[in-house]
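Keeping their order, the protein sequence lines are chains H and D. Throughout the first sequence, residue numbering follows the working numbering, covering 1008 to 1214 in sequence. Throughout the second sequence, residue numbering follows the working numbering, covering 1008 to 1214 in sequence.
Think of the hints as simulated: they come from the structure by calculation, not from any bench. This structure is a prediction, so every number in the text was calculated from the model and none was measured. Check before you lean on any hint, since a few could be wrong.
Put simply, identical chains are the same to the list, so a pair is met inside one copy or across any two.
Claimed, not checked - Straight-line alpha carbon distances no greater than 20 Å define the calculated EDC-like cross-link-like pairs of lysine to aspartate or glutamate that follow:
#  : residue 1 : residue 2
1  : LYS1150   : GLU1166
2  : LYS1150   : ASP1020
3  : LYS1122   : ASP1015
4  : LYS1208   : GLU1151
5  : LYS1024   : GLU1152
6  : LYS1025   : ASP1179
7  : LYS1122   : ASP1179
8  : LYS1112   : ASP1173
9  : LYS1024   : ASP1185
10 : LYS1207   : GLU1104
11 : LYS1208   : GLU1104
12 : LYS1207   : GLU1180
13 : LYS1207   : ASP1020
14 : LYS1150   : ASP1089
15 : LYS1024   : ASP1179
Protein chains: 2
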Amino acid sequence: MPNSISFDRIAIDSLEKKYRIALINSISGFKSASLIGTCNSKGQTNLAIFNSVVHIGANPPLLGFILRPTTVPRHTYQNILDTGYYTINHIHQDMIENAHQTGAKYDEAESEFEKCGFNTQYYGDFNAPFVAESRVKLGMRFKEELPIKSNGTYLIIGEIVHILIDDETFLDESGALDLGVANTVAISGLDSYFSPQFIKKMPIPRP
Amino acid sequence: MPNSISFDRIAIDSLEKKYRIALINSISGFKSASLIGTCNSKGQTNLAIFNSVVHIGANPPLLGFILRPTTVPRHTYQNILDTGYYTINHIHQDMIENAHQTGAKYDEAESEFEKCGFNTQYYGDFNAPFVAESRVKLGMRFKEELPIKSNGTYLIIGEIVHILIDDETFLDESGALDLGVANTVAISGLDSYFSPQFIKKMPIPRP
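So here's chain H without its partners, still in its complex pose:
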């Protein structure tokens, strides 16, 4: 095609660093945007934005996310290993600025909850802090970490032990959470936020 563009591996590796990061981070398509809440063994809270939460299975209910222990979210990693618990909190349209700001490098003694304008919420005796402003929150128990040899990152897997939803009308009659009604955002790359508009629900495909 006349306007098409292609990159082979040599071309990708030769790209200017920021350009390559922007390209590769956006090329996988839309991603979820979530805030992961943790605390250390002394109760110091931490909150960090992640765009790699992925569904692992429904029974048992398992979610994973990719973690880079050597960069910003290392407090998240250490806290999960130390306490065994964390929360995953949806980001809604009115939370974008504050949620994105949790990606800044704060000192361990500072809490991104406070620095970025979020309130902690605790639920029963569950050990990790939820984001009060989030309308869909998950309490997670750490299950396993899988080291990814190819680049030194980890897949962190946890099981869902609590689901907290602000409004029961977010759920449709099938049990599905209507992300449009909940106003949950999607992210592209590292910095571009989108509000998805519902197109259609498809039936189970049969040959």
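Using the hints, position chain D against chain H.
Same frame as chain H, now just chain D:
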């Protein structure tokens, strides 16, 4: 809150099976929707829809996806192990019906390309079939598979060796692929398709 609803782990495990599947598949937020193209050692092609493609890293350029070897996509898995190559193809709004249909259980001798109305496209000597109709396509080389003990699934990791984009205007000046311009869709749960509308691009966060 008056209309809030919560599920603890006992409640989740007690849900009717279809309700639980719908709830847990939607609770992780928006997901990418991609078609993974493979062929076996005899050249028989296969195409399957996946909603778990996840960014692993930019240097080297790595993507992962979750695979359940015991259900529908087993041809995908076997073909990747046999040949070492696969393609990841974006799903755009006008491809939803045909892409969703690749989730049906076809016999190994049948190709979802043919059955679901897609054309194969080959690029140079790259061994796996691309989806001609997709406007953003990735040629992938298998790197590693990580068995997930918690539920018997696998994280399949590959490195990007080709990026094929139909129109260079899909890329902005920073290198980011504009998923809105490319009309790539997002998926919620297993069956609900969304067209994301751009809200804003945020600057790099600093304390």
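Hint check:
1. LYS1150 to GLU1166: within (7 Å within a copy, 27 Å between copies)
2. LYS1150 to ASP1020: Between copies only: 17 Å across, 35 Å inside.
3. LYS1122 to ASP1015: neither (42 Å within a copy, 30 Å between copies)
4. LYS1208 to GLU1151: This pair counts as neither: shortest intra-copy Cα distance 33 Å, inter-copy 34 Å.
5. LYS1024 to GLU1152: neither (29 Å within a copy, 27 Å between copies)
6. LYS1025 to ASP1179: between (42 Å within a copy, 13 Å between copies)
7. LYS1122 to ASP1179: neither (35 Å within a copy, 32 Å between copies)
8. LYS1112 to ASP1173: neither (30 Å within a copy, 38 Å between copies)
9. LYS1024 to ASP1185: between (38 Å within a copy, 19 Å between copies)
10. LYS1207 to GLU1104: between (29 Å within a copy, 10 Å between copies)
11. LYS1208 to GLU1104: between (30 Å within a copy, 10 Å between copies)
12. LYS1207 to GLU1180: within (16 Å within a copy, 32 Å between copies)
13. LYS1207 to ASP1020: neither (39 Å within a copy, 29 Å between copies)
14. LYS1150 to ASP1089: The answer is within: 13 Å in one copy meets 20 Å, while 31 Å across copies does not.
15. LYS1024 to ASP1179: between (44 Å within a copy, 15 Å between copies)
Of the numbered hints listed earlier, those contradicted by the structure are 3, 4, 5, 7, 8, 13.
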